[in-house]
Amino acid sequence: MTTLLEAQDVTFAYRRGQPVLRDVSFAMEAGTNLGLVGESGAGKTTLLRILLGLAVPTSGRILSNETPFDARDRAQLRAYRRVTQTMFQDPYSSLDPRQTIGRIVAEPLRSLGITRDAGELRVRVAEALRSVGLPDDIADRYPHEFSGGQRQRIAIARAIAPRPKVLLADEPVSALDVTTRIRVIDLLAELGRGEGGDYRTAVVLVSHDLGAVAALCDRVVILDRGTIVEQGGTRDVLRDPQDAYTRRLLASVPRLPRLD
Amino acid sequence: MSAGGLVVDGLTISAGSGARLLSDLSFAIEPGSRLGLIGESGSGKSLTALAIIGLLPEGLTASGSVRLASHEIVGAPERELNGVRGRDVAVVFQEPLTALDPLMTIGRQLVEPLRRRAIADGEPLSRREAALAVSDRLAEVRLPDPDRIAGAYPWEISGGQRQRAALAIALAGRPRLLIADEPTTALDVTVQSDVLDLLDRLVDERGMSLLFISHDLAVVARVAPRVVVLERGIAVESGELRDLLTHPAHAYTREFVASARELDAALDWGVPQ
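In order, the protein sequences belong to chains D and Y.
Per my numbering, the very first residue in the first sequence carries number 1; after that it's consecutive.
Per my numbering, the very first residue in the second sequence carries number 1001; after that it's consecutive.
These aren't lab readings, by the way, just hints derived from the structure by calculation.
Possibly wrong hints are sitting among the right ones.
[To be verified] Over 12 Å on every C-beta distance to chain Y, these chain D residues come out as not near it, computed from the model:
{"hint": "1", "residue": "Gly17"}
{"hint": "2", "residue": "Val20"}
{"hint": "3", "residue": "Ala30"}
{"hint": "4", "residue": "Ala71"}
{"hint": "5", "residue": "Asp136"}
{"hint": "6", "residue": "Asp177"}
{"hint": "7", "residue": "Arg181"}
{"hint": "8", "residue": "Gly194"}
{"hint": "9", "residue": "Asp209"}
[As the list claims (entries may be wrong)] With a straight-line cut-off of 25 Å between C-alpha atoms, the simulated DMTMM-like cross-links for lysine to aspartate or glutamate are:
{"hint": "10", "chain 1": "D", "residue 1": "Lys44", "chain 2": "Y", "residue 2": "Glu1156"}
{"hint": "11", "chain 1": "D", "residue 1": "Lys44", "chain 2": "Y", "residue 2": "Asp1188"}
{"hint": "12", "chain 1": "D", "residue 1": "Lys44", "chain 2": "Y", "residue 2": "Asp1145"}
{"hint": "13", "chain 1": "D", "residue 1": "Lys44", "chain 2": "D", "residue 2": "Asp224"}
{"hint": "14", "chain 1": "D", "residue 1": "Lys44", "chain 2": "Y", "residue 2": "Asp1264"}
{"hint": "15", "chain 1": "D", "residue 1": "Lys44", "chain 2": "Y", "residue 2": "Asp1216"}
{"hint": "16", "chain 1": "D", "residue 1": "Lys44", "chain 2": "D", "residue 2": "Asp236"}
{"hint": "17", "chain 1": "D", "residue 1": "Lys44", "chain 2": "Y", "residue 2": "Asp1194"}
Every residue, glycine too, gets a C-beta built ideally from N, C-alpha and C.
Based on the provided sequences and hints, a complete structural model is requested.
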């Protein structure tokens, strides 16, 4: 099985500061979704910046498709972006309001040099929109015409347009209502199963929301104050957490009353 | 209705354009009891809170009736409302960083309502008494090192500490009704759990009534046994939360409960294989 994305002993410190990440190691196999869970100060944002190639580990390294990846090398960064796309929490600020949906979704195809041919762009955009459950005739419309849930679908369409192997999703459902949240999680799950087309995109879900992580991710990494306190199969971690912090986190999640 | 009770009757909120943001909402909270107001974004739940304290944004008008203690809030002059806020009703909002004054220390923001309440009771506080009261109230909301927190500005303390401080400030006037509008939504889950426990205990100890507003069924379930479900400005269902979870009657409530259940169940079983 291929390891799509791996962190090996990643440590990161801002200049002269204490490390905000210490010896972080995990691997994501093809065909699995991975949850990175933590509260404020856990180091999620820093880790995400490193996985996006926006920051470089102070020590340790990132491997993409089993090859070390150096974000300072422009050619490597470009190749990395082709296989690793991203989407963010806020569907209102992450789409440029002055661009049509078609241009927004085509943007990574252009900037990564995948194609500049207008006809091919149209085909790829339509395909991406259809695979997130949106009609392809919305390409001429603008973001303000869509609801929060629809905008997150558009953001997913943009991310998967280059057919990446990995989608880094930063709290993609936190700003959404619970009914919409479930639908977007289902959509992300379909991408991993290859239901969007003849390729698969595995999701790295960075979130504080254990419910969303439990619903989507096969494996989970629990971060607390810059270190991994526990990782494993989501089911095992939920059922039998080994670390004291994980136990406290799980006990804190508000649950619906049991009715039997 | 005696102290602490709230009767909302046919409350309607309209925008200048004539659009109705809330239509004909009615519910009652008996003194010392609790009600959860549940809805997703755009349901009108926060506007309801603002209408109850007479603080609707410019351009929005309320009609119908909101009876709080012996006051009719809808249409009341600002002078009357000023007497009601803090004393009969207080609010804790979602984001304490915007609700608190960034230019004032926590202690100064807390001492003001404490002083006002003491004057209203005919027992004005000396400087020393006021300082002690501030310290006591911050300790009551389980803030560590109350004297340091009293001297701190809102941005100098953590999100959880800010929400505890906001709660202390809301309670300073000894209100009979507390409105909590998504009070833990901006907090980390472990912090949320502690703040919910604190809120639950203080409301109980003081025999306050509580209107708890949230989009999160599981959070509401921790503090309020009875709920009203709002969808796009209309109350679609109300009753005991347990009944609503087992037999949601309205199509919207059914979908809402099913989604919440799906996420909740995932925590037991993990990703469906």
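Results for each hint:
no.	hint	verdict
1	Gly17	holds (19 Å)
2	Val20	holds (17 Å)
3	Ala30	holds (16 Å)
4	Ala71	holds (29 Å)
5	Asp136	holds (27 Å)
6	Asp177	violated (4 Å)
7	Arg181	violated (7 Å)
8	Gly194	holds (16 Å)
9	Asp209	violated (8 Å)
10	Lys44/D / Glu1156/Y	holds (22 Å)
11	Lys44/D / Asp1188/Y	holds (13 Å)
12	Lys44/D / Asp1145/Y	violated (29 Å)
13	Lys44/D / Asp224/D	holds (9 Å)
14	Lys44/D / Asp1264/Y	holds (23 Å)
15	Lys44/D / Asp1216/Y	holds (24 Å)
16	Lys44/D / Asp236/D	holds (22 Å)
17	Lys44/D / Asp1194/Y	holds (23 Å)
Checked against the numbered hints above, the structure breaks hints 6, 7, 9, 12 and satisfies the rest.
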